[in-house]
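Here are the chains, one letter per residue:
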Amino acid sequence: MGGIIEVRNLTAGYGGTAILENLTFDVHKGEIFVILGGSGCGKSTLLKHLIGLLPPLEGDILIEGKSLPKAEGRERQAILKRIGVSYQSGALFGSMTLSENVRLPLEEYTDLPNDALDLIAWMKLKLVGLENYVASLPSEVSGGMQKRAALARAMAMDPAVVFLDEPSAGLDPITSADLDALILRLNKTLGMTFVIVTHELPSIYAIADRVIMLDKKTKGIIAEGKPDDLRDHSDNAFVRQFFHREVTEVAE
Amino acid sequence: MAQDKAELAVERSENGPRLSLKGRLDAAGSAAVWQRAVREAQPGAVVDASGVTYCDSAGAALLYDLQQRNGVRIEGLPEEAKSLLKPYEKIEFPKLEKEPPRKESAPTAIGRVAVGLVRDARDQIIFTGQASVALIQGLFRPDLVRWRDMWHTFETAGVNALFIVGMIGFLTGMIMAFQSTVPLQQFGVDIFVVNLVALAMLRELGGIMTAIVLAGRSGSAFAAEIGTMKVNEEVDALTTMGLDPVRFLVVPKVMAAILVTPLLTIYANVIGIAGGLMVVMLFGHPWAAVYNQLTGAVDLSDIATGLIKSFFFGALVGGIGCLRGLQTKIGATAVGESTTRAVVSGITLIIVVDAIFAVVFWATNF
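Those protein sequences? They're chains A and B, same order as listed.
Each residue of the first sequence is one higher than the one before, starting from 0 at the first, in numbering that gives the first Met the number 0.
Each residue of the second sequence is one higher than the one before, starting from 0 at the first, in numbering that gives the first Met the number 0.
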């Protein structure tokens, strides 16, 4: 039995240029999986492949056993319904209230009556602590709130996996820690699987079950495992440096 | 999993209705039973949820909705629904009161529009002043002008518009000639079509068509470009660097528009007249006759009037595009709005200014 996401011999990149070569890894159901790496190593590119925005140059990506790159039309839509994505900037629709943002996928994909949509949107926003901002526009709430609202929208369809692109980028440490706690809570109570792209070490130690680390030079995965293990026992100098330098910085 | 589709069975008894929910309460299942369940859940109703085999957040929302109703009791709540509903134990869904759209009385509406127009006029005057100062400054201090941006705009607004301006000019010339040749032939004066096409093109149509094409192609592009920069706080970045957005963004564009419009107008005139003359010749008039007619019909003031106007049209289209861009508010819709406004006010102003020139030229016998 493979994972909820299975990546098989994936060569990732665009315009014919490979940025990552021959990646194989699994994401298991119910875990918080972190994709890690220095700037420019292809984290975001990999994420774009995982959520179907870019076609793989080679290899395959299976979500719940079904190939995302090979699926078309309704089949592809069915797979995409099973994933939720929260983008780095939040990417909320500026002309809609938070509630309308969360409602949108439900409105498009289901026949639920209007009251039900309002109720579900409110329940999702309650999960991220925004139940009092249902009628606010994204521009009227803070950056951290926008990220949480984006997370609520990503969860609207009860996806099997939620992808988060740099959830803590641009947030202060406290807000960022709150967001970590929220992710952890959603993971524990709802059993939701998270795939997170980040390089915030405090976040990683707080929430990650498993980490893969990408590398620009080898165009592949240079480390995989629990964050503590990688910090203490990795035989790769770059991995140790990555973890330690940041740790000392945080300790100060 | 079609076999355990969501179902709702209602039994009525003296103690009130008993609603039995069965099957998968996912989004589709909940949607199927929602309306009826809510309708049947009168006070005193009992909801039996023990037959629910699967429940996601849509199902949980349905159960929550029923639970919140006065006097409704839920039995046999499945474990997954319980955990999904846990965060909502102590909190109640506030009835979302949609604010009724405020009705505005006619005087208020008229007043609001009037104030808006006055404000916009004031903005335009201020902007015209700023842009003029920056342009004149640019003439005396050429090192302050971003020439590279200017030439780039010159190319996109001018060179790349040659095809469309040429095509529209040529076809307009032909159509005018065609439509007027037939009636004039009845009087045997169809050679005067040459006068008609040449004067109309030179004095009015060449310039106006070019300006309208420019407003649609480039005025909108200026507004969209500056508007997006505004939304992305790039304009703020310029301001905080101490760089004047008008000098930096507006001057190169307006300058390019002022330079390119007369050139495009000359081009449109030539092509348009050529189109008209072609039709006249197709109707059997020899080149020598057509040529004589043309040189007799046109004098320098005809060419000059069209060209003088085209400078103003260029300034107008470029300026209004940039102004609308700078007026952009927040968000993606705002950029669209600015672009629309750039084209609409661009075209309106072109016609208004043209009308003013018509009166001025008439009064001065030009």
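Rather than coming from a laboratory, the hints here were simulated on the basis of the structure.
Idealized CB from N, CA, C, for every residue including glycine.
Take these hints with a grain of salt, some might be off.
Computed list of chain A residues with no C-beta within reach of chain B, every gap over 12 Å [what the hints assert, rightly or not]:
no.	residue
1	K69
2	K80
3	E130
Heads up, simulated DSSO-like pairs for lysine-lysine below, C-alpha to C-alpha not over 27 Å straight-line [to be verified]:
no.	chain 1	residue 1	chain 2	residue 2
4	A	K28	B	K81
5	A	K65	A	K187
6	B	K102	A	K215
7	A	K65	B	K81
8	A	K28	A	K216
9	B	K4	B	K21
10	A	K187	A	K218
11	A	K218	A	K47
12	A	K80	B	K85
13	A	K125	A	K28
14	B	K89	A	K80
15	B	K89	A	K65
16	B	K4	A	K80
17	A	K65	B	K328
18	A	K65	A	K80
19	B	K328	A	K187
20	A	K187	A	K216
21	B	K102	A	K187
22	A	K187	A	K69
23	B	K328	A	K125
24	A	K80	A	K69
25	A	K28	B	K4
26	A	K225	A	K215
27	A	K125	B	K102
28	B	K89	A	K28
Comparing the hints with the structure gives:
A:K69, annotated as away from the interface, keeps every beta carbon of chain B farther than 12 Å; the closest lies near 24 Å. The claim that A:K80 lies off the interface is violated: its Cβ sits roughly 9 Å from the closest Cβ of chain B, which falls inside the 12 Å cut-off. A cut-off of 12 Å between C-beta atoms contradicts the statement that A:E130 is not in contact with chain B; the least separation is 7 Å. Taken as a hint, the A:K28 and B:K81 pair is honoured in the structure, with Cα atoms around 21 Å apart against an allowance of 27 Å.
A hinted pair counts as satisfied when its Cα atoms are at most 27 Å apart, and A:K65 with A:K187 qualifies at roughly 26 Å. Taking the CA atoms of B:K102 and A:K215, the gap is near 60 Å; set against the 27 Å cutoff, the hint is violated. Between A:K65 and B:K81, the direct Cα distance comes to roughly 31 Å. Violation of the 27 Å bound is thereby established for this hinted pair. Annotation: proposed proximity of A:K28 to A:K216 is violated, straight-line Cα distance about 30 Å (limit 27 Å).
For a cut-off of 27 Å, the pair hint linking B:K4 to B:K21 stands: about 8 Å separates their Cα positions. This hinted pair does not check out: A:K187 and A:K218 have alpha carbons roughly 33 Å apart, beyond 27 Å. With a CA separation close to 16 Å, the supplied pair A:K218 and A:K47 stays within the 27 Å bound. Taking the CA atoms of A:K80 and B:K85, the gap is about 25 Å. The hint holds against a cut of 27 Å.
Restraint check: the Cα-Cα separation between A:K125 and A:K28 comes to about 24 Å, which is no more than 27 Å; the hinted pair holds. The suggested pairing of B:K89 with A:K80 is violated, with an alpha-carbon distance near 31 Å, which exceeds 27 Å. With a C-alpha separation of about 40 Å, the suggested pairing of B:K89 with A:K65 is violated against the 27 Å cut-off. For the proposed pair B:K4 and A:K80, the alpha carbon gap of about 19 Å is at most 27 Å, so the pair holds.
For the proposed pair A:K65 and B:K328, the alpha carbon gap of about 44 Å is over 27 Å, so the pair is violated. Our distance criterion of 27 Å between C-alpha atoms is met by A:K65 and A:K80, whose separation comes to about 13 Å. Annotation: proposed proximity of B:K328 to A:K187 is violated, straight-line Cα distance about 42 Å (limit 27 Å). Pair hint A:K187 plus A:K216 does not hold up; C-alpha atoms about 36 Å apart against a cutoff of 27 Å.
The straight-line distance between the Cα atoms of B:K102 and A:K187 is roughly 49 Å, outside the 27 Å bound, and the hint therefore fails. A threshold of 27 Å between alpha carbons decides the hint, and for A:K187 with A:K69 the separation of about 32 Å lies outside it, so the pair is violated. Taken as a hint, the B:K328 and A:K125 pair is broken in the structure, with Cα atoms around 30 Å apart against an allowance of 27 Å. Restraint check for A:K80 and A:K69: satisfied, since their Cα atoms lie roughly 16 Å apart, inside the 27 Å limit.
Among the hinted pairs, A:K28 with B:K4 is consistent with the structure: their alpha-carbon atoms are about 25 Å apart, no more than 27 Å. Distance restraint check for A:K225 and A:K215: the Cα-Cα separation of roughly 21 Å lies within the 27 Å cut-off, and the hinted pair is therefore satisfied. Our distance criterion of 27 Å between C-alpha atoms is broken by A:K125 and B:K102, whose separation comes to about 33 Å. For the given pair, B:K89 sits about 30 Å from A:K28 by alpha-carbon distance, which is inconsistent with the 27 Å threshold.
The structure fails hints 2, 3, 6, 7, 8, 10, 14, 15, 17, 19, 20, 21, 22, 23, 27, 28 (numbered hints given earlier, in ascending order).
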